Amino acid sequence: MSEVLVDLLLFAGVLELLMCAAGVLVMRSAFDRLHYASASAYGALLVAVAILARESLSLIGDKALATAALLVVCGPALAHATARAGRIRARGAWDAAPGVEEHEAKQRDQR
Amino acid sequence: MNAWLIAALALLPGLLACGLVCVLSDVLDGLVALELAGVLSTVELLLLAEGTQRQPFVDLALVLAVMSFVGSLAFARLLERRL
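Line order of the protein sequences matches chains A and B. Note that the working numbering numbers the first sequence so that position 49 is 49, with each residue one more than the last. Note that the working numbering numbers the second sequence so that position 78 is 1078, with each residue one more than the last.
It is worth saying that the hints were derived from the structure and are not from the lab. All figures in this text were calculated on a predicted structure; none of them were measured in a lab. Positions of the beta carbon are idealized from the N, C-alpha and C atoms, including for glycine. Please note: incorrect hints may appear among the correct ones.
To be verified - Simulated restraints, written as ranges between beta carbons of each label pair:
id, chain 1, residue 1, chain 2, residue 2, range
1, B, Pro1013, A, Asp109, 32 to 40 Å
2, A, Arg84, B, Thr1052, 34 to 42 Å
3, B, Met1067, A, Ala93, 28 to 36 Å
4, A, His35, B, Arg1081, 20 to 28 Å
With these hints in hand, go ahead and build the complete structure from the sequences.
Laid out in C-alpha cells, this is it:
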C-alpha cells in the first residue's frame, strides 16, 4: 500500500512538472508562461512528499520537504518580481497606463 | 535502475524545453524558463539523491533552490532597468 502511494505521488509530481514545462514551451507571451512556471513548485512538493512517505522523517525526508517548502513559499514572490519586471519593461513604470510613454514622447515632440 | 532514477530521466525533456525557450524567445520569456529550470534541476537532484541513496545530493538540492531564487530575483530586478 505504501509503495503504491509513493509511486502515485512520484508519478503525479513528475507529470505536473512535465506539464508545466510543456506550458512554458507552448504559450506565447511571458505572462502566460509565468502561470506555468510558478505552478511547478507544487510538482516539487508532490515529489518531496513521495520521498517523505518512503523515508519518513529521516534526514533526507526532512531536507526534501524543506526544499519543496522553500520553492512553494518563494515561488509567488519570484512570479511577482518577474511580472513586475515585464510590466515595467513594457510600460516604462509600474503604475503607468498602456501607451503612456508614446504619449509623453509625442508631447515632447510637439514642444 | 529504480523508479526514482526513471523519474529523473523523465524530467530531462522539461529542462530541454526550458533551454529552447531561453534560446529562441525574448529575454523576459528566458527569465521565466530559467525559473522553471531552477525548480526542475532542484527536483532532479532530489530524485537522484533518493534514487542513489546519497544524502549529500539533498543538500545540493536545498542550496540550488536558494541560489536559483536569489539569481532569478536579481535577473528580474536588472530587467526592470531595460538592460
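Hints versus structure:
{"no.": "1", "hint": "Pro1013/B - Asp109/A: 32 to 40 Å", "result": "violated, 50 Å"}
{"no.": "2", "hint": "Arg84/A - Thr1052/B: 34 to 42 Å", "result": "holds, 40 Å"}
{"no.": "3", "hint": "Met1067/B - Ala93/A: 28 to 36 Å", "result": "holds, 30 Å"}
{"no.": "4", "hint": "His35/A - Arg1081/B: 20 to 28 Å", "result": "holds, 25 Å"}
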